[in-house]
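Enquirer: Residue numbers (the numbering used here), protein chains in the order written: chain A, 1 to 149; chain B, 1 to 149.
Calculated directly from the structure, the hints in this document are not laboratory data.
Wrong hints could be hidden among the right ones.
Residues of chain A clear of chain B, computed beta-carbon distances all greater than 12 Å [stated by the list, open to error]:
| hint | residue |
| --- | --- |
| 1 | L15 |
| 2 | R18 |
| 3 | G32 |
| 4 | D107 |
| 5 | K115 |
Examples of chain B residues lying across from chain A (beta carbon under 10 Å, computed) [what the hints assert, rightly or not]:
| hint | residue |
| --- | --- |
| 6 | L5 |
| 7 | T9 |
| 8 | V17 |
| 9 | A28 |
| 10 | V33 |
| 11 | P55 |
| 12 | L70 |
| 13 | L119 |
All values derive from a computational prediction rather than experimental measurement.
Backbone N, C-alpha and C fix where the C-beta goes; we use that ideal spot for every residue, glycine too.
Next come the chains, spelled out residue by residue.
Number of protein chains: 2
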Amino acid sequence: MTATLSTDTVVQIGLIVRDVEATAQAYAELLGVAVPQWVLTGPEVEAHTRCRGAPTEARAKLAFFRLGNLQLELIEPVGGPSTWREFLEVHGEGVHHIAFEVEDMQDQVAALAAKGMPLVQRGDYTGGCYAYIDSGEQLKVILELLAND
Amino acid sequence: MTATLSTDTVVQIGLIVRDVEATAQAYAELLGVAVPQWVLTGPEVEAHTRCRGAPTEARAKLAFFRLGNLQLELIEPVGGPSTWREFLEVHGEGVHHIAFEVEDMQDQVAALAAKGMPLVQRGDYTGGCYAYIDSGEQLKVILELLAND
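All chains should be built: construct the whole structure from the sequences, respecting the hints.
Expert: Here it is, written out as structure tokens:
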């Protein structure tokens with residue numbers, strides 16, 4: 001059987017939280033590391049953020065932890081509309097996505113859409129871009145694709 | 001700062017699903033692998049399953065995928081009460097836990113309880129035992145500790 005996804009290595013687990021500072025503090029204590037400073041995602045004019053095809057002023061406060069075999073990302077939604085805020089409203093706090101790093105972003109997005117898992121949100125960050133896939137109905141978690149330059 | 005957890009490697013991501021066969025089929029297509037056969041957890045008399053300290057006849061249908069750097073576990077709750085069923089009722093389908101393999105199970109459970117994250121469910125399986133930690137309030141996801149013989 002041919003895989004739809006070109007990789008099977010989970011590079012990141014992303015959690016939606018209401019208070020990034022409080023949750024970062026809890027993980028820092030669990031892991032015995034310093035509390036990371038959160039960063040704010042860029043504005044739409046920089047990040048070209050699109051949610052369901054439309055530009056959005058949604059942003060998020062992010063904090064990252066380097067675990068042994070992947071990265072943990074804490075996401076506090078700011079503004080809206082976004083997949084982050086939608087998740088918080090529907091499910092509450094919890095794991096929003098698992099991320100895979102891909103080289104062929106456009107082909108991967110197209111292949112997943114052909115399997116009934118369309119793009120829900122995309123954006124750019126310094127050094128790359130991300131795409132969230134509306135895979136919850138089939139996979140019970142959102143997939144994030146990351147393409148780094 | 002001293003870590004509460006003795007490891008930072010995520011060995012498993014566990015998802016609660018309503019239909020393990022349908023979700024296993026979706027992941028098999030995504031990853032280009034054969035659909036794994038689900039297995040039923042042992043009865044209480046074998047698995048010594050305890051939920052909030054009391055024996056429970058809760059069981060689950062499990063299916064596993066080996067990804068590049070960790071294991072994906074699909075969990076369909078059967079019977080109750082269990083942390084699996086509670087999660088489904090509160091959050092719906094989605095990521096229930098991230099798992100870490102530990103050698104010092106009793107010490108780890110005690111250390112987490114001392115930090116306000118008590119044991120919520122435990123059980124045995126062939127070759128080891130598991131403990132779910134009620135860490136949702138602080139960490140926004142349940143921790144599972146796995147100790148293999």
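Enquirer: Does each hint fit the structure? Answer for all of them.
Expert: Hints versus structure:
no.	hint	in the structure
1	L15	violated, 5 Å
2	R18	violated, 9 Å
3	G32	violated, 3 Å
4	D107	holds, 15 Å
5	K115	violated, 7 Å
6	L5	holds, 5 Å
7	T9	holds, 3 Å
8	V17	holds, 5 Å
9	A28	holds, 7 Å
10	V33	holds, 7 Å
11	P55	violated, 28 Å
12	L70	holds, 6 Å
13	L119	violated, 16 Å
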